[in-house]
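Asks: Residues per chain, in single letters:
Number of protein chains: 2
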Amino acid sequence: MHNRWGRLAVLGAAVLSFGALAALDATAQDDKRVRWKMHSAFGGRLTGLGPPGIQFSDLLKKMSEGRIDIKFFEPGALVPGLQGFDAVQTGSIESSWNSAGYFAGKEPAAAFYTAVPFGPQFDEFMAWYKKGGGRDIQWEIYKPYGVRPNVCNYVSPESSGWFRKEIKSLQDLKGLKMRFFGLGAQVMEKFGVSTQLLAAGDIYPALELGTIDATEFSNPAIDLDLGFFQVAKHYYFPGWHQQATFVEFQANQAKWDGLNETQKLLIDVACDANLTNTVADNTAAQPSALKKIAEKGVTLHRWSPEVLAALEKAWNEVLAEQSVKNANFKKIADSYLAFRKEYETWRKLGYIH
Amino acid sequence: MHNRWGRLAVLGAAVLSFGALAALDATAQDDKRVRWKMHSAFGGRLTGLGPPGIQFSDLLKKMSEGRIDIKFFEPGALVPGLQGFDAVQTGSIESSWNSAGYFAGKEPAAAFYTAVPFGPQFDEFMAWYKKGGGRDIQWEIYKPYGVRPNVCNYVSPESSGWFRKEIKSLQDLKGLKMRFFGLGAQVMEKFGVSTQLLAAGDIYPALELGTIDATEFSNPAIDLDLGFFQVAKHYYFPGWHQQATFVEFQANQAKWDGLNETQKLLIDVACDANLTNTVADNTAAQPSALKKIAEKGVTLHRWSPEVLAALEKAWNEVLAEQSVKNANFKKIADSYLAFRKEYETWRKLGYIH
Chain A
8 MHNRWGRLAV
18 LGAAVLSFGA
28 LAALDATAQD
38 DKRVRWKMHS
48 AFGGRLTGLG
58 PPGIQFSDLL
68 KKMSEGRIDI
78 KFFEPGALVP
88 GLQGFDAVQT
98 GSIESSWNSA
108 GYFAGKEPAA
118 AFYTAVPFGP
128 QFDEFMAWYK
138 KGGGRDIQWE
148 IYKPYGVRPN
158 VCNYVSPESS
168 GWFRKEIKSL
178 QDLKGLKMRF
188 FGLGAQVMEK
198 FGVSTQLLAA
208 GDIYPALELG
218 TIDATEFSNP
228 AIDLDLGFFQ
238 VAKHYYFPGW
248 HQQATFVEFQ
258 ANQAKWDGLN
268 ETQKLLIDVA
278 CDANLTNTVA
288 DNTAAQPSAL
298 KKIAEKGVTL
308 HRWSPEVLAA
318 LEKAWNEVLA
328 EQSVKNANFK
338 KIADSYLAFR
348 KEYETWRKLG
358 YIH
Chain B
8 MHNRWGRLAV
18 LGAAVLSFGA
28 LAALDATAQD
38 DKRVRWKMHS
48 AFGGRLTGLG
58 PPGIQFSDLL
68 KKMSEGRIDI
78 KFFEPGALVP
88 GLQGFDAVQT
98 GSIESSWNSA
108 GYFAGKEPAA
118 AFYTAVPFGP
128 QFDEFMAWYK
138 KGGGRDIQWE
148 IYKPYGVRPN
158 VCNYVSPESS
168 GWFRKEIKSL
178 QDLKGLKMRF
188 FGLGAQVMEK
198 FGVSTQLLAA
208 GDIYPALELG
218 TIDATEFSNP
228 AIDLDLGFFQ
238 VAKHYYFPGW
248 HQQATFVEFQ
258 ANQAKWDGLN
268 ETQKLLIDVA
278 CDANLTNTVA
288 DNTAAQPSAL
298 KKIAEKGVTL
308 HRWSPEVLAA
318 LEKAWNEVLA
328 EQSVKNANFK
338 KIADSYLAFR
348 KEYETWRKLG
358 YIH
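Quick note, the sequences are listed as chains A and B, same order. The first sequence begins at 8 in my numbering and counts up by one. The second sequence begins at 8 in my numbering and counts up by one.
Only chain A is shown next, with the shape it has when bound in the complex:
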């Protein structure tokens, strides 16, 4: 290479031993380069969930002029879709683009970092997460697993679900078979719904065959891609169970500790920037998707205030039950609810609703 340092190095080499120079190169390399694999729980084409992981990876590469290369791998390319957390824990993969909710089998408390029913919007969540102690508790809870998470991607409010038949009252829910994710499933069970969790690709055929009567999956932009409008004609809002959803970047703790301060900072800054960009992308994508869905002959419904109040009451019961069962769950719930309580006065007073 004929750049200036190359020339200086060549000249220098005349008076330094070859071994000394090689050692210098190796040190410089270790200091400056990060080459990590990042398993993704979401396909690179799954609107709002996968592409932001690719954006994050690309952004870091550009910010660092190629010195931080955290490569996005499709679900299944390294390990199966839902095994990212375990692989990061053992260190077989350095990092994962993942949902905290997929770790809720081991730690039910982790659900708070994806979404919980009747949870906050972006602004309130970020206030609790960054300034209200939310992230500190998260780091504490993940630490025994050797995983260092950081929220990195926002997803717009979900729909409450696709139903093959209209739901005229809560009584109509009784006996329904429905695909449902997370803590919201426990709320639905209280109304006599039989819930199960199905992967994205298995939902459409189950709805079509009548194996399930209803499903929630995500927001209009994502749901439109999955084609549910062809087999269910009643689409309900608001998605009380996931008003704002977050995806996180999970790093193996030992690998993370091996980074220098600038590398750590650049990765966290890329997440913060990705949050702003995913707020813009996701929010912009919903209105036109909703319009397209309506044009397919789907009826858009909004739950009445009474139905929402009944669902919220049931959620508060689930919250109390989980808090008794699990100390970490209680710890996060207490922090979260205390923050939300103080915030509520401000929210009601200060905002146009």
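Warning: the hint list may mix true and false statements.
As the list claims (entries may be wrong) - Heads up, simulated DSSO-like pairs for lysine-lysine below, C-alpha to C-alpha not over 30 Å straight-line:
| no. | chain 1 | residue 1 | chain 2 | residue 2 |
| --- | --- | --- | --- | --- |
| 1 | B | Lys298 | A | Lys69 |
| 2 | B | Lys271 | A | Lys271 |
| 3 | A | Lys320 | B | Lys271 |
Unchecked claim - Here chain B is said to cover these stretches of chain A; the calculated rule only asks that three of the stretch's residues, wherever they fall, bring their Cβ under 8 Å from a Cβ of chain B:
| no. | stretch |
| --- | --- |
| 4 | 62-72 |
| 5 | 130-140 |
| 6 | 272-278 |
| 7 | 294-302 |
Unchecked claim - Which stretches of chain A does chain B cover? Using the computed rule of at least three CB atoms under 8 Å from a CB of chain B, they are:
| no. | stretch |
| --- | --- |
| 8 | 233-246 |
| 9 | 305-315 |
| 10 | 343-353 |
Treat the hints as calculated values from the structure; they're not laboratory data. Using N, Cα and C, we set each Cβ at its ideal position, and we do this for glycine too.
We have chain A; now place chain B onto it with these hints.
Replies: Below, chain B without anything else, positioned relative to chain A:
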């Protein structure tokens, strides 16, 4: 210096001419270092407005390991507080931490990038700005001035104002003298309010002496610092005139064009990250400030839906008047209102209010 490159350079110097080395240094400097002055329109201690400019400057320095140094200067240190835009335009200062609204004397349309009455929240604004064409129009409108702006700091919803006497109906506004900023002032004038713009430091004495009967300034956290609770006991919400407010980083266009792609990217990424952080900081700061203000014996009021509807109707008149007067204003208003109209269906359906 005794690091390895220092030693190599010294050795190299023995066989390269001094002039050649000096030239190398100068080129390396141009490629890698940015040393800019950044005038701030807001004092470094003015909660929510000044400190985020300092955070932005510090963040960039750390991200670039000192190679991008955009130094924060207090209002008046380089030029008076409101003259940042002009100084950036002439190039006498490279950049400014500023409100687009302070440029509205030249370009009334710029107000859309600070806040307009009955405007969007953070998520909807970012969707319009980044994905709905808002930023493209902004760049086009600022271009003839040789200034390259980027939104860089979010500020929580303002209060509607501090009043010395309770306002029981819109008739009570008639004849009041009030400090008011921006397009909202024109709305207030329609209800018989005589408005004037006062700088932050001049508001308290004017309220105390009775030169004005009322003032709006900002949100609870900022207003608390300014002590208005001592001289006005009625605090109204919501701040319909500024639901979300933005501060921008303005760069001289020629200086901006002289940066390399990585430098440009790092500056824009620092702004995006700053947005997420200011959403967290600002949102977290309001509830406790509101509580403290109430504890000072201030009565918190919320405008009735009828009052808000009357204010919104008056705002729509102002919007129509301004659109007739100014082509750029009309251009932005058209883009903004079309976006908002499509978004409205989604907002009403998808969110818990």
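Asks: With reference to the structure, classify each hint as holding or not holding.
Replies: Okay, the hints, checked on the actual structure:
With a C-alpha separation of about 44 Å, the suggested pair B:Lys298 and A:Lys69 falls outside the 30 Å cut-off, and the hint is violated. Restraint check: the Cα-Cα separation between B:Lys271 and A:Lys271 comes to about 21 Å, which is no more than 30 Å; the hinted pair holds. Note on A:Lys320 and B:Lys271: the hinted pairing is violated, with a Cα-Cα distance of about 50 Å set against a maximum of 30 Å. Residues of the stretch 62-72 of chain A lying with their CB closer than 8 Å to a CB of chain B number 4, which satisfies the three-residue condition for coverage.
Note: the stretch 130-140 of chain A has 9 residues with beta-carbon separation from chain B under 8 Å; the three-residue rule is met and the coverage holds. Against chain B, the stretch 272-278 of chain A contributes 4 residues with a C-beta closer than 8 Å to a partner C-beta. That satisfies the three-residue criterion, and the hint holds. Taking a C-beta to C-beta cut-off of 8 Å, the stretch 294-302 of chain A contributes 4 residues in contact with chain B, enough for the three needed, and the coverage statement holds. Residue count for the stretch 233-246 of chain A with a Cβ under 8 Å from a Cβ of chain B: 3. That meets the three needed, and the coverage hint holds.
Counting residues of the stretch 305-315 of chain A whose beta carbon lies closer than 8 Å to any beta carbon of chain B gives 3, which meets the minimum of three for the stated coverage. Counting residues of the stretch 343-353 of chain A whose CB lies closer than 8 Å to any CB of chain B gives 4, which reaches the minimum of 3, so the coverage claim holds.
In this structure, the hints that do not hold are numbers 1, 3, in rising order.
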